Amino acid sequence: MIKVEISSRYESERRYILSVIFGEFLGLDIQIKLSDRQDTRISVNANKGELVIADGLFSTPPNQWLQLASLPRQPLKVWNIVPTGLSTITVSPEIPVIYGNDPHNQDFFQLSENKIYLGLDIFGSAFFMLTRYEEIVKPDCDQHDRFPAHASLAYQEGFLERPIINEYLEILWAAMKQLWPKVQRKPRELKTLVSCDVDNPYSCHVKSWKATGRKMLGDIIKRHSYQMSLQTAINAVATKLGNYSYDPLNTFDWIMDVNEQVGNKVAFFFLAASLVPNMDSHYNLNEPRIRALIRKIHHRGHEIGLHGSYSAYQNQLQLQKEADTLRSVLAEENIDQGILGFRQHYLRWNPLQTHHYLDIIGLDYDTTLGYAAYAGFRCGICYEYPMYDFASSATMKLYQRPLVLMECSVIDKIYMGLGCTVNTLNYMNLLKSYCCQFNGNFTVLWHNNFLQKWQYLDIYQKII
461 MIKVEISSRY ESERRYILSV IFGEFLGLDI QIKLSDRQDT RISVNANKGE LVIADGLFST
521 PPNQWLQLAS LPRQPLKVWN IVPTGLSTIT VSPEIPVIYG NDPHNQDFFQ LSENKIYLGL
581 DIFGSAFFML TRYEEIVKPD CDQHDRFPAH ASLAYQEGFL ERPIINEYLE ILWAAMKQLW
641 PKVQRKPREL KTLVSCDVDN PYSCHVKSWK ATGRKMLGDI IKRHSYQMSL QTAINAVATK
701 LGNYSYDPLN TFDWIMDVNE QVGNKVAFFF LAASLVPNMD SHYNLNEPRI RALIRKIHHR
761 GHEIGLHGSY SAYQNQLQLQ KEADTLRSVL AEENIDQGIL GFRQHYLRWN PLQTHHYLDI
821 IGLDYDTTLG YAAYAGFRCG ICYEYPMYDF ASSATMKLYQ RPLVLMECSV IDKIYMGLGC
881 TVNTLNYMNL LKSYCCQFNG NFTVLWHNNF LQKWQYLDIY QKII
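So in this note's numbering, the last one in the sequence shown is 924, and the numbering has no gaps at all.
No lab work stands behind these hints: they were computed from the structure. The structure displayed is predicted, hence computed values, not measured ones. Beta carbons are placed, not taken as given, at the ideal position from N, Cα and C, and that holds for glycine. There's no promise every hint is true.
[As the list claims (entries may be wrong)] The list that follows gives simulated cross-link-like pairs (lysine-lysine, DSS-like), each with its CA atoms no further than 30 Å apart:
(1) K598 with K873
(2) K508 with K682
(3) K463 with K598
(4) K725 with K913
(5) K493 with K651
(6) K493 with K463
(7) K682 with K537
(8) K508 with K651
(9) K922 with K725
(10) K682 with K493
(11) K463 with K873
(12) K646 with K598
(13) K575 with K537
(14) K575 with K493
(15) K873 with K781
(16) K508 with K598
(17) K575 with K651
[Unchecked claim] Derived Cβ-Cβ restraints for the label pairs, each shown as a range:
(18) L571 with D489: 34 to 42 Å
(19) K781 with G509: 32 to 40 Å
(20) K913 with I799: 28 to 36 Å
(21) N507 with G879: 53 to 61 Å
(22) R749 with N523: 39 to 47 Å
(23) K725 with L777: 13 to 21 Å
(24) N738 with Q780: 45 to 53 Å
(25) L494 with I874: 45 to 53 Å
(26) K913 with K642: 17 to 25 Å
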(Lines of atoms letter the chains of each structure in order from A and count residues from 1; the text may use other names and numbers.)
(Lines give C-alpha, C1' and ligand atoms only; values in the text may rest on other atoms or scores of the structure.)
Protein backbone atom coordinates (compact mmCIF):
# COMPACT_ATOMS: atom_id res chain seq x y z
CA MET A 1 0.00 0.00 0.00
CA ILE A 2 1.24 3.44 -0.93
CA LYS A 3 0.80 6.09 1.74
CA VAL A 4 0.41 9.73 0.77
CA GLU A 5 0.63 12.41 3.43
CA ILE A 6 -0.90 15.76 2.46
CA SER A 7 -1.92 19.10 3.89
CA SER A 8 -5.60 19.52 4.79
CA ARG A 9 -5.68 22.73 2.72
CA TYR A 10 -7.57 22.14 -0.57
CA GLU A 11 -8.28 18.60 0.57
CA SER A 12 -10.91 17.75 -2.06
CA GLU A 13 -8.72 19.07 -4.88
CA ARG A 14 -5.74 17.09 -3.61
CA ARG A 15 -7.76 13.90 -3.17
CA TYR A 16 -9.11 14.24 -6.70
CA ILE A 17 -5.75 14.64 -8.42
CA LEU A 18 -4.10 11.95 -6.29
CA SER A 19 -6.85 9.49 -7.24
CA VAL A 20 -6.39 10.35 -10.92
CA ILE A 21 -2.59 10.16 -10.89
CA PHE A 22 -2.23 7.04 -8.76
CA GLY A 23 -5.53 5.26 -9.36
CA GLU A 24 -6.50 6.07 -12.95
CA PHE A 25 -3.07 6.52 -14.52
CA LEU A 26 -0.81 4.18 -12.54
CA GLY A 27 -3.40 1.70 -11.25
CA LEU A 28 -2.15 1.91 -7.67
CA ASP A 29 -4.10 1.97 -4.42
CA ILE A 30 -3.22 4.74 -2.00
CA GLN A 31 -3.94 5.60 1.60
CA ILE A 32 -4.19 9.33 2.30
CA LYS A 33 -3.25 10.87 5.63
CA LEU A 34 -3.88 14.51 6.53
CA SER A 35 -1.19 16.49 8.30
CA ASP A 36 0.19 19.99 8.69
CA ARG A 37 2.82 19.41 5.99
CA GLN A 38 3.52 22.06 3.37
CA ASP A 39 4.33 19.44 0.73
CA THR A 40 3.31 15.90 -0.26
CA ARG A 41 5.10 12.90 1.25
CA ILE A 42 4.89 9.47 -0.38
CA SER A 43 5.99 6.21 1.24
CA VAL A 44 5.40 2.49 0.77
CA ASN A 45 4.41 0.06 3.54
CA ALA A 46 7.24 -2.10 4.89
CA ASN A 47 9.76 -0.32 2.67
CA LYS A 48 12.34 2.27 3.49
CA GLY A 49 12.38 5.56 1.69
CA GLU A 50 10.26 8.62 1.13
CA LEU A 51 9.46 10.80 -1.84
CA VAL A 52 8.63 14.43 -1.09
CA ILE A 53 6.95 16.59 -3.74
CA ALA A 54 6.81 20.38 -3.45
CA ASP A 55 3.55 22.29 -3.22
CA GLY A 56 2.83 25.12 -5.62
CA LEU A 57 -0.76 25.59 -6.69
CA PHE A 58 -2.17 24.16 -3.45
CA SER A 59 -0.19 26.64 -1.39
CA THR A 60 -2.26 29.44 -2.95
CA PRO A 61 -3.94 31.68 -0.33
CA PRO A 62 -7.70 30.99 -0.30
CA ASN A 63 -8.55 34.55 -1.34
CA GLN A 64 -6.44 34.09 -4.49
CA TRP A 65 -7.92 30.72 -5.53
CA LEU A 66 -9.31 30.88 -9.07
CA GLN A 67 -7.89 34.38 -9.39
CA LEU A 68 -5.25 35.71 -11.78
CA ALA A 69 -2.72 35.82 -8.93
CA SER A 70 -2.87 32.01 -8.69
CA LEU A 71 -1.81 31.40 -12.30
CA PRO A 72 1.75 30.24 -13.06
CA ARG A 73 4.31 33.03 -13.32
CA GLN A 74 5.56 33.54 -16.83
CA PRO A 75 7.92 32.98 -18.45
CA LEU A 76 8.13 29.52 -16.94
CA LYS A 77 11.42 28.24 -15.63
CA VAL A 78 12.79 25.13 -17.36
CA TRP A 79 14.33 22.13 -15.60
CA ASN A 80 16.90 19.91 -17.29
CA ILE A 81 16.36 16.42 -15.89
CA VAL A 82 19.52 14.85 -17.34
CA PRO A 83 21.75 15.59 -14.31
CA THR A 84 19.28 13.79 -12.01
CA GLY A 85 20.13 10.40 -13.47
CA LEU A 86 16.47 9.37 -13.30
CA SER A 87 15.52 6.72 -15.85
CA THR A 88 12.43 8.29 -17.35
CA ILE A 89 10.52 8.91 -20.58
CA THR A 90 9.97 12.48 -21.72
CA VAL A 91 9.49 14.28 -25.02
CA SER A 92 12.50 16.43 -24.15
CA PRO A 93 14.88 16.59 -21.18
CA GLU A 94 13.94 20.27 -20.87
CA ILE A 95 10.85 20.28 -18.64
CA PRO A 96 8.75 23.46 -18.23
CA VAL A 97 7.93 23.97 -14.55
CA ILE A 98 4.25 24.93 -14.40
CA TYR A 99 4.18 25.08 -10.59
CA GLY A 100 7.03 24.40 -8.21
CA ASN A 101 10.29 25.79 -6.95
CA ASP A 102 13.05 27.43 -8.96
CA PRO A 103 14.81 24.61 -10.86
CA HIS A 104 18.02 26.65 -10.91
CA ASN A 105 18.37 26.22 -7.15
CA GLN A 106 20.52 23.28 -6.09
CA ASP A 107 17.86 21.98 -3.71
CA PHE A 108 15.23 21.61 -6.49
CA PHE A 109 16.14 17.93 -6.81
CA GLN A 110 17.76 16.09 -3.92
CA LEU A 111 18.60 12.40 -4.01
CA SER A 112 19.95 10.32 -1.15
CA GLU A 113 19.83 6.60 -0.43
CA ASN A 114 16.38 6.65 1.14
CA LYS A 115 14.89 9.97 0.11
CA ILE A 116 14.11 12.02 -2.97
CA TYR A 117 12.96 15.63 -2.80
CA LEU A 118 11.46 17.06 -5.98
CA GLY A 119 10.72 20.76 -6.38
CA LEU A 120 8.39 20.12 -9.32
CA ASP A 121 4.76 20.44 -8.19
CA ILE A 122 3.49 17.41 -10.09
CA PHE A 123 0.07 17.25 -8.46
CA GLY A 124 -0.80 20.95 -8.57
CA SER A 125 0.38 21.22 -12.18
CA ALA A 126 -1.67 18.17 -13.15
CA PHE A 127 -4.75 19.61 -11.45
CA PHE A 128 -4.22 22.89 -13.30
CA MET A 129 -4.03 21.20 -16.71
CA LEU A 130 -6.62 18.44 -16.33
CA THR A 131 -9.37 20.60 -14.82
CA ARG A 132 -8.66 23.50 -17.21
CA TYR A 133 -8.24 25.77 -14.20
CA GLU A 134 -6.91 28.64 -16.31
CA GLU A 135 -10.03 28.65 -18.49
CA ILE A 136 -12.09 29.58 -15.45
CA VAL A 137 -9.69 32.34 -14.48
CA LYS A 138 -8.91 33.96 -17.83
CA PRO A 139 -11.65 35.96 -19.61
CA ASP A 140 -10.38 35.31 -23.15
CA CYS A 141 -12.81 33.96 -25.74
CA ASP A 142 -13.16 33.86 -29.53
CA GLN A 143 -16.17 34.58 -31.76
CA HIS A 144 -17.74 31.25 -30.78
CA ASP A 145 -17.26 31.88 -27.04
CA ARG A 146 -14.41 29.35 -26.93
CA PHE A 147 -11.26 29.71 -24.88
CA PRO A 148 -8.63 30.26 -27.60
CA ALA A 149 -5.45 28.23 -27.90
CA HIS A 150 -3.29 31.36 -28.01
CA ALA A 151 -4.51 32.38 -24.54
CA SER A 152 -3.42 29.10 -22.97
CA LEU A 153 -0.27 28.64 -20.94
CA ALA A 154 0.65 25.63 -23.09
CA TYR A 155 0.60 27.65 -26.31
CA GLN A 156 2.36 30.67 -24.83
CA GLU A 157 5.11 28.55 -23.29
CA GLY A 158 5.53 26.29 -26.31
CA PHE A 159 4.35 22.95 -24.94
CA LEU A 160 0.89 22.57 -26.50
CA GLU A 161 2.37 19.93 -28.80
CA ARG A 162 3.65 17.96 -25.77
CA PRO A 163 1.59 15.84 -23.36
CA ILE A 164 3.30 17.62 -20.49
CA ILE A 165 1.42 15.87 -17.69
CA ASN A 166 2.37 12.49 -19.15
CA GLU A 167 5.96 13.69 -18.81
CA TYR A 168 5.36 14.78 -15.21
CA LEU A 169 3.79 11.38 -14.52
CA GLU A 170 6.86 9.58 -15.86
CA ILE A 171 9.13 11.72 -13.69
CA LEU A 172 7.04 10.76 -10.66
CA TRP A 173 7.21 7.10 -11.66
CA ALA A 174 10.98 7.22 -12.19
CA ALA A 175 11.46 8.68 -8.71
CA MET A 176 9.25 5.97 -7.21
CA LYS A 177 11.14 3.21 -9.04
CA GLN A 178 14.42 4.69 -7.82
CA LEU A 179 13.25 4.31 -4.22
CA TRP A 180 11.09 1.19 -4.54
CA PRO A 181 12.26 -0.94 -7.50
CA LYS A 182 9.62 -3.62 -6.94
CA VAL A 183 6.61 -1.32 -7.31
CA GLN A 184 4.55 -2.06 -10.45
CA ARG A 185 2.10 0.03 -12.48
CA LYS A 186 -0.79 -1.11 -14.65
CA PRO A 187 0.14 -1.84 -18.28
CA ARG A 188 -1.07 0.39 -21.10
CA GLU A 189 -1.03 0.27 -24.87
CA LEU A 190 -1.52 2.83 -27.63
CA LYS A 191 -5.12 3.23 -28.76
CA THR A 192 -6.21 5.16 -31.82
CA LEU A 193 -9.68 6.50 -31.01
CA VAL A 194 -11.22 7.67 -34.27
CA SER A 195 -14.40 9.73 -34.37
CA CYS A 196 -16.58 11.58 -36.85
CA ASP A 197 -18.86 14.52 -36.09
CA VAL A 198 -21.87 14.11 -38.37
CA ASP A 199 -22.46 17.78 -39.09
CA ASN A 200 -23.44 17.27 -42.73
CA PRO A 201 -24.33 13.65 -43.51
CA TYR A 202 -25.43 14.52 -47.04
CA SER A 203 -25.44 17.47 -49.43
CA CYS A 204 -28.13 19.89 -48.27
CA HIS A 205 -29.10 20.95 -51.80
CA VAL A 206 -30.81 17.60 -52.49
CA LYS A 207 -33.75 18.64 -50.33
CA SER A 208 -35.33 20.68 -53.13
CA TRP A 209 -34.99 21.16 -56.87
CA LYS A 210 -34.63 24.90 -56.30
CA ALA A 211 -31.62 24.34 -54.04
CA THR A 212 -30.20 21.89 -56.56
CA GLY A 213 -30.49 24.51 -59.31
CA ARG A 214 -28.72 27.14 -57.21
CA LYS A 215 -25.94 24.68 -56.43
CA MET A 216 -25.53 23.82 -60.13
CA LEU A 217 -25.27 27.49 -61.06
CA GLY A 218 -22.73 28.04 -58.31
CA ASP A 219 -20.68 25.10 -59.58
CA ILE A 220 -20.47 26.76 -63.00
CA ILE A 221 -20.21 30.46 -62.10
CA LYS A 222 -18.22 30.39 -58.85
CA ARG A 223 -16.35 27.09 -59.04
CA HIS A 224 -15.98 27.10 -62.87
CA SER A 225 -16.77 23.38 -63.11
CA TYR A 226 -19.35 21.93 -65.49
CA GLN A 227 -18.36 18.49 -64.24
CA MET A 228 -19.21 19.43 -60.67
CA SER A 229 -22.54 20.84 -61.84
CA LEU A 230 -23.34 17.57 -63.59
CA GLN A 231 -22.41 15.61 -60.46
CA THR A 232 -24.72 17.84 -58.42
CA ALA A 233 -27.61 17.06 -60.78
CA ILE A 234 -26.88 13.32 -60.78
CA ASN A 235 -26.73 13.24 -56.98
CA ALA A 236 -30.05 15.09 -56.67
CA VAL A 237 -31.84 12.73 -59.08
CA ALA A 238 -30.27 9.63 -57.53
CA THR A 239 -31.22 10.78 -54.04
CA LYS A 240 -34.86 11.20 -55.09
CA LEU A 241 -34.72 7.59 -56.29
CA GLY A 242 -33.27 6.39 -52.97
CA ASN A 243 -29.70 5.98 -54.21
CA TYR A 244 -27.27 7.88 -51.96
CA SER A 245 -24.04 6.55 -53.44
CA TYR A 246 -23.44 9.65 -55.59
CA ASP A 247 -23.38 12.03 -52.62
CA PRO A 248 -19.79 13.25 -52.04
CA LEU A 249 -20.48 13.60 -48.30
CA ASN A 250 -21.58 9.98 -47.98
CA THR A 251 -18.18 8.64 -46.95
CA PHE A 252 -19.41 6.60 -44.01
CA ASP A 253 -18.88 3.17 -45.55
CA TRP A 254 -15.35 4.14 -46.56
CA ILE A 255 -14.61 5.42 -43.05
CA MET A 256 -15.81 2.17 -41.52
CA ASP A 257 -14.04 0.04 -44.14
CA VAL A 258 -10.57 1.52 -43.65
CA ASN A 259 -10.86 1.57 -39.86
CA GLU A 260 -12.07 -2.01 -39.70
CA GLN A 261 -9.01 -3.02 -41.72
CA VAL A 262 -6.76 -1.81 -38.90
CA GLY A 263 -9.02 -2.84 -36.02
CA ASN A 264 -10.40 0.57 -35.09
CA LYS A 265 -13.88 1.26 -33.79
CA VAL A 266 -15.23 4.65 -34.91
CA ALA A 267 -17.52 6.87 -32.83
CA PHE A 268 -20.04 8.84 -34.91
CA PHE A 269 -21.52 11.85 -33.09
CA PHE A 270 -24.99 12.90 -34.31
CA LEU A 271 -26.75 16.22 -33.78
CA ALA A 272 -30.15 15.74 -32.15
CA ALA A 273 -31.38 19.32 -32.59
CA SER A 274 -31.01 22.22 -34.99
CA LEU A 275 -31.69 25.54 -33.28
CA VAL A 276 -29.22 28.07 -34.70
CA PRO A 277 -29.42 28.67 -38.48
CA ASN A 278 -26.11 28.30 -40.33
CA MET A 279 -24.51 26.77 -37.23
CA ASP A 280 -26.45 23.58 -36.58
CA SER A 281 -27.18 21.05 -39.29
CA HIS A 282 -30.00 20.51 -41.77
CA TYR A 283 -30.90 16.90 -40.93
CA ASN A 284 -33.24 15.23 -38.46
CA LEU A 285 -32.70 11.96 -36.64
CA ASN A 286 -36.12 10.73 -37.81
CA GLU A 287 -35.23 10.91 -41.51
CA PRO A 288 -35.24 7.40 -43.03
CA ARG A 289 -31.74 7.78 -44.47
CA ILE A 290 -30.37 8.90 -41.09
CA ARG A 291 -32.07 6.01 -39.31
CA ALA A 292 -30.63 3.62 -41.90
CA LEU A 293 -27.17 5.10 -41.34
CA ILE A 294 -27.47 4.69 -37.57
CA ARG A 295 -28.53 1.07 -37.98
CA LYS A 296 -25.62 0.38 -40.33
CA ILE A 297 -23.09 1.95 -37.96
CA HIS A 298 -24.34 -0.19 -35.10
CA HIS A 299 -24.57 -3.35 -37.21
CA ARG A 300 -20.93 -2.97 -38.20
CA GLY A 301 -19.85 -2.67 -34.58
CA HIS A 302 -19.13 1.04 -34.40
CA GLU A 303 -20.36 3.59 -31.87
CA ILE A 304 -23.07 6.25 -31.91
CA GLY A 305 -22.71 9.35 -29.74
CA LEU A 306 -24.33 12.72 -29.14
CA HIS A 307 -23.10 15.90 -30.79
CA GLY A 308 -24.45 18.77 -28.72
CA SER A 309 -26.08 21.51 -30.80
CA TYR A 310 -24.37 24.88 -31.13
CA SER A 311 -26.04 26.61 -28.16
CA ALA A 312 -26.50 23.58 -25.90
CA TYR A 313 -23.11 23.67 -24.16
CA GLN A 314 -24.36 25.94 -21.35
CA ASN A 315 -28.02 24.88 -21.29
CA GLN A 316 -28.77 21.87 -19.11
CA LEU A 317 -32.38 21.51 -20.26
CA GLN A 318 -31.38 21.57 -23.92
CA LEU A 319 -28.61 19.02 -23.38
CA GLN A 320 -31.06 16.80 -21.51
CA LYS A 321 -33.59 17.10 -24.33
CA GLU A 322 -31.01 16.21 -26.97
CA ALA A 323 -29.69 13.26 -24.98
CA ASP A 324 -33.25 11.99 -24.48
CA THR A 325 -33.93 12.35 -28.21
CA LEU A 326 -30.90 10.27 -29.17
CA ARG A 327 -31.61 7.69 -26.48
CA SER A 328 -35.16 7.34 -27.80
CA VAL A 329 -33.89 6.82 -31.34
CA LEU A 330 -31.46 4.16 -30.17
CA ALA A 331 -34.20 2.42 -28.19
CA GLU A 332 -36.55 2.47 -31.20
CA GLU A 333 -33.80 0.86 -33.29
CA ASN A 334 -33.11 -1.73 -30.56
CA ILE A 335 -29.57 -0.44 -30.14
CA ASP A 336 -28.00 -0.97 -26.73
CA GLN A 337 -24.32 -0.09 -26.84
CA GLY A 338 -23.83 0.29 -23.09
CA ILE A 339 -22.13 3.67 -23.35
CA LEU A 340 -23.05 7.12 -24.62
CA GLY A 341 -20.31 9.59 -25.43
CA PHE A 342 -20.48 13.27 -26.29
CA ARG A 343 -18.75 16.00 -28.22
CA GLN A 344 -19.98 19.59 -28.36
CA HIS A 345 -20.55 21.18 -31.77
CA TYR A 346 -17.82 23.70 -32.66
CA LEU A 347 -15.92 22.44 -29.59
CA ARG A 348 -17.76 25.02 -27.47
CA TRP A 349 -17.23 24.34 -23.78
CA ASN A 350 -17.83 26.18 -20.53
CA PRO A 351 -15.44 24.99 -17.77
CA LEU A 352 -18.01 25.50 -15.02
CA GLN A 353 -21.15 24.32 -16.81
CA THR A 354 -20.78 21.95 -19.75
CA HIS A 355 -19.25 18.90 -18.07
CA HIS A 356 -21.32 19.53 -14.93
CA TYR A 357 -24.50 19.21 -17.01
CA LEU A 358 -23.20 16.21 -18.95
CA ASP A 359 -22.53 14.43 -15.68
CA ILE A 360 -26.01 15.20 -14.36
CA ILE A 361 -27.75 13.83 -17.47
CA GLY A 362 -25.76 10.63 -17.25
CA LEU A 363 -23.43 10.69 -20.23
CA ASP A 364 -20.39 8.45 -19.93
CA TYR A 365 -17.64 10.50 -21.53
CA ASP A 366 -16.92 13.77 -23.26
CA THR A 367 -14.32 14.25 -25.98
CA THR A 368 -14.61 17.98 -26.63
CA LEU A 369 -11.37 19.19 -25.09
CA GLY A 370 -9.13 20.10 -27.96
CA TYR A 371 -8.59 23.55 -29.45
CA ALA A 372 -10.27 24.34 -32.77
CA ALA A 373 -7.41 26.54 -33.94
CA TYR A 374 -4.50 24.33 -32.96
CA ALA A 375 -4.12 20.56 -32.64
CA GLY A 376 -2.29 19.26 -29.59
CA PHE A 377 -2.74 18.51 -25.91
CA ARG A 378 -5.16 21.03 -24.43
CA CYS A 379 -5.31 19.06 -21.18
CA GLY A 380 -1.64 18.10 -21.30
CA ILE A 381 -2.45 14.38 -21.23
CA CYS A 382 -3.19 11.55 -23.65
CA TYR A 383 -5.05 9.39 -21.10
CA GLU A 384 -8.75 9.57 -20.29
CA TYR A 385 -9.71 10.58 -16.77
CA PRO A 386 -12.72 11.48 -14.59
CA MET A 387 -13.50 15.17 -14.54
CA TYR A 388 -13.58 17.48 -11.55
CA ASP A 389 -16.62 19.53 -10.60
CA PHE A 390 -15.63 22.90 -9.16
CA ALA A 391 -19.24 23.55 -8.13
CA SER A 392 -19.40 20.59 -5.76
CA SER A 393 -15.65 20.05 -5.22
CA ALA A 394 -16.10 16.43 -6.21
CA THR A 395 -14.99 13.87 -8.76
CA MET A 396 -17.49 13.25 -11.55
CA LYS A 397 -18.60 9.99 -13.09
CA LEU A 398 -18.10 11.67 -16.47
CA TYR A 399 -14.77 10.90 -18.13
CA GLN A 400 -12.81 13.17 -20.43
CA ARG A 401 -11.14 11.76 -23.53
CA PRO A 402 -9.05 14.76 -24.61
CA LEU A 403 -9.17 15.49 -28.32
CA VAL A 404 -5.64 15.49 -29.72
CA LEU A 405 -6.29 16.00 -33.42
CA MET A 406 -9.10 17.54 -35.48
CA GLU A 407 -8.30 17.48 -39.18
CA CYS A 408 -9.45 21.01 -39.99
CA SER A 409 -7.36 22.44 -37.14
CA VAL A 410 -4.25 21.43 -39.04
CA ILE A 411 -5.43 21.82 -42.64
CA ASP A 412 -7.73 24.88 -42.76
CA LYS A 413 -6.31 28.29 -43.66
CA ILE A 414 -8.15 29.95 -40.78
CA TYR A 415 -6.36 27.70 -38.29
CA MET A 416 -2.87 26.18 -38.62
CA GLY A 417 -3.16 26.32 -42.42
CA LEU A 418 -0.83 23.46 -43.37
CA GLY A 419 -3.13 22.34 -46.22
CA CYS A 420 -2.64 19.13 -48.21
CA THR A 421 1.10 18.98 -47.70
CA VAL A 422 3.68 16.66 -46.23
CA ASN A 423 3.83 19.08 -43.29
CA THR A 424 0.27 18.11 -42.38
CA LEU A 425 1.06 14.41 -42.29
CA ASN A 426 4.31 15.03 -40.42
CA TYR A 427 2.57 17.12 -37.75
CA MET A 428 -0.21 14.59 -37.29
CA ASN A 429 2.31 11.77 -37.03
CA LEU A 430 4.28 13.79 -34.49
CA LEU A 431 1.24 14.00 -32.21
CA LYS A 432 0.59 10.30 -32.70
CA SER A 433 4.21 9.47 -31.86
CA TYR A 434 3.89 11.26 -28.51
CA CYS A 435 0.73 9.31 -27.72
CA CYS A 436 2.60 6.14 -28.66
CA GLN A 437 5.56 7.13 -26.49
CA PHE A 438 3.32 7.13 -23.42
CA ASN A 439 1.02 4.27 -24.54
CA GLY A 440 -1.86 6.72 -24.55
CA ASN A 441 -4.94 7.50 -26.62
CA PHE A 442 -4.49 9.15 -30.00
CA THR A 443 -7.93 10.72 -30.33
CA VAL A 444 -8.73 11.77 -33.89
CA LEU A 445 -11.73 13.71 -35.20
CA TRP A 446 -12.20 13.63 -38.96
CA HIS A 447 -15.47 14.84 -40.48
CA ASN A 448 -17.16 12.78 -43.18
CA ASN A 449 -17.41 15.89 -45.38
CA PHE A 450 -13.63 16.43 -45.20
CA LEU A 451 -12.77 13.45 -47.40
CA GLN A 452 -13.51 14.81 -50.87
CA LYS A 453 -9.88 15.05 -52.02
CA TRP A 454 -7.66 12.03 -52.60
CA GLN A 455 -4.96 13.73 -50.52
CA TYR A 456 -7.29 13.73 -47.51
CA LEU A 457 -8.09 10.06 -48.03
CA ASP A 458 -4.38 9.29 -48.16
CA ILE A 459 -3.54 11.24 -44.99
CA TYR A 460 -6.50 9.70 -43.16
CA GLN A 461 -5.41 6.15 -43.92
CA LYS A 462 -1.84 6.87 -42.88
CA ILE A 463 -2.66 8.34 -39.47
CA ILE A 464 -5.27 5.83 -38.32
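**Restraint status (C-alpha distance of K575 to K651 at most 30 Å)** = Judged against 30 Å, a Cα distance of about 36 Å means the pair is violated.
**Request:** Measure nothing beyond the straight line between the CA atoms of K463 and K598; if it is 30 Å or shorter, mark the hint as holding.
**Result:** Violated, at about 35 Å.
**Message:** So if I understand the rule, the pair passes when the alpha-carbon distance is 30 Å or less; does K725 with K913 pass?
**Reply:** Holds - the C-alpha atoms of K913 and K725 are around 23 Å apart, at most 30 Å.
**Message:** For a C-alpha distance cap of 30 Å, please report whether K682 and K493 respect it.
**Reply:** 69 Å, violated
**Request:** Take a quick look at whether K922 and K725 sit within 30 Å of each other, Cα to Cα.
**Result:** Distance ~16 Å between K922 and K725 Cα, so the pair holds.
**Range hint compliance [Cβ, K913 to I799, 28 to 36 Å]** = 33 Å, holds
**Asked** Are the Cα atoms of K682 and K537 separated by 30 Å or less?
**Response** Distance of about 52 Å is beyond 30 Å: violated.
**Request:** Assess, step by step, whether the Cα of K646 is no farther than 30 Å from the Cα of K598, and give holds or violated.
**Result:** 36 Å, violated
**Asked** In this structure, is the beta-carbon distance linking L571 and D489 contained in 34 to 42 Å?
**Response** 26 Å, violated
**Asked** When you check the alpha-carbon spacing of K508 and K682, does it fall within 30 Å?
**Response** 75 Å, violated
**Message:** Within 53 to 61 Å: is that where the Cβ-Cβ distance between N507 and G879 falls?
**Reply:** Between N507 and G879, where Cβ atoms are some 55 Å apart, the hint holds.
**Message:** Can you tell me whether the CB distance of N738 to Q780 sits inside 45 to 53 Å?
**Reply:** 25 Å, violated
Of the numbered hints given earlier, the model fails hints 2, 3, 5, 7, 8, 10, 11, 12, 15, 16, 17, 18, 19, 22, 23, 24, 26; all others are met.
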